[in-house]
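Starting from the known structure of chain V, fit chain R onto it as the hints suggest.
Protein chains: 2
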Amino acid sequence: MDLRAYRAERSPLAEAFLEGCLPPADQPPEALHGAMRHLVFPGGKRLRPLLTMASAEAVGGSAEQALPAAAAVELIHTYSLIHDDLPCMDDDAERRGRPSVHVAFGEAVAVLAGDALQALAFEVLARAADTHGPALAAAAALDLARAVGSAGLVGGQVDDLAFDPATLSNERIESVHERKSAALIAAAVVGGARLAGGSDPQLADLARFGFEVGIAFQIADDLLDEGEDDPCSSLTVLGREGAEKRAEWWLANALDRVESLGSPAEVLRELARFSVRRDT
Amino acid sequence: MDLRAYRAERSPLAEAFLEGCLPPADQPPEALHGAMRHLVFPGGKRLRPLLTMASAEAVGGSAEQALPAAAAVELIHTYSLIHDDLPCMDDDAERRGRPSVHVAFGEAVAVLAGDALQALAFEVLARAADTHGPALAAAAALDLARAVGSAGLVGGQVDDLAFDPATLSNERIESVHERKSAALIAAAVVGGARLAGGSDPQLADLARFGFEVGIAFQIADDLLDEGEDDPCSSLTVLGREGAEKRAEWWLANALDRVESLGSPAEVLRELARFSVRRDT
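Order-wise, the sequence lines are chains V and R.
One rule links them: number in the numbering used here = place in the first sequence (from 1) + 1240.
One rule links them: number in the numbering used here = place in the second sequence (from 1) + 1240.
Hints listed in this document are in silico derivations from the structure and should not be mistaken for laboratory results.
Since we're looking at a predicted model, the values are computed, not measured.
Where hints are given, some of them may not hold.
Reference excerpt, derived from the structure (chain V facing chain R, CB under 8 angstroms, subset only) [what the hints assert, rightly or not]: (1) 1263; (2) 1269; (3) 1323; (4) 1360; (5) 1363; (6) 1390; (7) 1401; (8) 1492; (9) 1493.
Don't be surprised by glycine CBs; every beta carbon is placed ideally from N, CA and C.
In isolation and in its complexed conformation, chain V is listed as follows:
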């Protein structure tokens, strides 16, 4: 199945599941629920949920099994965008061509909507105890919590905000990329295989694959954002051509990690290529 067909078939599963996770916008407190939904729907490329579903299928499971992890990761991704856009952070008034949450709903509600989305992500995983058994649910919650805490997503964001151009090196930049972007992408990949009953060696390979895809993804983002004023960009040290090569190098490493999974992992590999090359 090619990527376009895969996306057309699997995306509606994730959309429907996400829709069921979020309280209706007309349920009080309406401002909070509206703000929580504002960026989740229609959402972006849904790359993370697609990776989660493809990862479940790569270890012989189904996309349906992956849905709680796919939703949880997308809820976390959304909360992190809402908080990143705040005036005290990146101060972005727009996101995906619409007003940011703090512009549309006010700063206080934006902070709180992010907070509630994070809680909801863990609620969705904890509830998976009923469908997937408590061992898989607790393990998936632990994977996600580690990925998004001070050693992962949040720590990377702090280091990105405080990035000191005087100590610029590719190693420091990729350390931010690894935590700010790759940790959640790795959690997306691991979460799907975890809920589908993947073995420990498979989960370890998929975690490395996810990290490597995530770093390549962030370098590709840096290439698209060329000219923006962020010193923590792979381009500042490597230049355009060097960054392109580096992204391909990480991608090749990632693809090697899951070679042994064979043809069931073909869509997962296609998604990795797409994440980096954005060409389909």
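Using the frame of chain V, we list chain R on its own:
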């Protein structure tokens, strides 16, 4: 055992466990880890962890069994204080006689430290799968996630911020109290009994007890804050004497709920009285 002796003996357990949960302040990113610790240590009265431990003991378990839930609830409480103090919320420059986190570390780090504390709370509960089994860990995570999301803590905070004095009623005020304060106190109580293997009927009684203590606690807070400019205070509708009576009424209801637990719940009842009367 009287409350003073109980506190002297059990508080060090919770302090040591919390200390072990938080990354050292000299571990990078140092600003983030410093900000996460700023309000956790020395902390306040530690009422919630004490309730969690006493609840475990009330159902025949040990304070030690309750520690992951006690720590998780205290981490959530701390994150909510950090976010509440932000300029876009209550804009408080001080907390417990020290600079608020956003004053000491900047607004961006304060938002992110709160975010990381929430993730850490769920990490601590998910890790309890190793010590308490995955079923109790997943159930405790679900209890907490529900208590702190849009139907609980965060929803109450949104309604408190947007509180409309034109629609003032005791029912509306107590609806905010129930979510903003009581939901987390109920989660503290339920979490301890849950991790100590309490039965479903015990957990249901303790949940009601926690909610009722929590509302009484918030009315007592309103009484202490008399004169502050918050329309969402029980005093605005009930007056001082009425609010005192109402707090005692909720407290009496709460004490009734756990009457059947007998003498093992005596400390829990003492804590409830103290939460409301603040007289020891």
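Cross-check of the supplied hints:
For residue 1263/V, the shortest C-beta to C-beta distance to chain R is roughly 6 angstroms, which falls under 8 angstroms, so the interface hint holds. Hint status for residue 1269/V relative to chain R: holds, with the closest Cβ pair at about 5 angstroms, below 8 angstroms. Checking residue 1323/V against chain R: minimum C-beta separation of about 6 angstroms stays under 8 angstroms; hint holds. Taken as an interface hint, residue 1360/V checks out: its beta carbon lies about 5 angstroms from the nearest beta carbon of chain R, inside 8 angstroms.
Satisfaction of the interface hint for residue 1363/V is found here, the shortest Cβ-Cβ separation to chain R being roughly 4 angstroms, below the 8 angstroms cut-off. Interface hint status for residue 1390/V: upheld, as the beta-carbon distance to the closest one in chain R is roughly 4 angstroms, under 8 angstroms. Residue-level restraint check for residue 1401/V holds (minimum Cβ-Cβ distance to chain R is 5 angstroms; threshold 8 angstroms). Hint status for residue 1492/V relative to chain R: violated, with the closest Cβ pair at about 30 angstroms, above 8 angstroms.
Look at residue 1493/V: its Cβ only gets to about 25 angstroms from chain R, farther than 8 angstroms, so that hint breaks.
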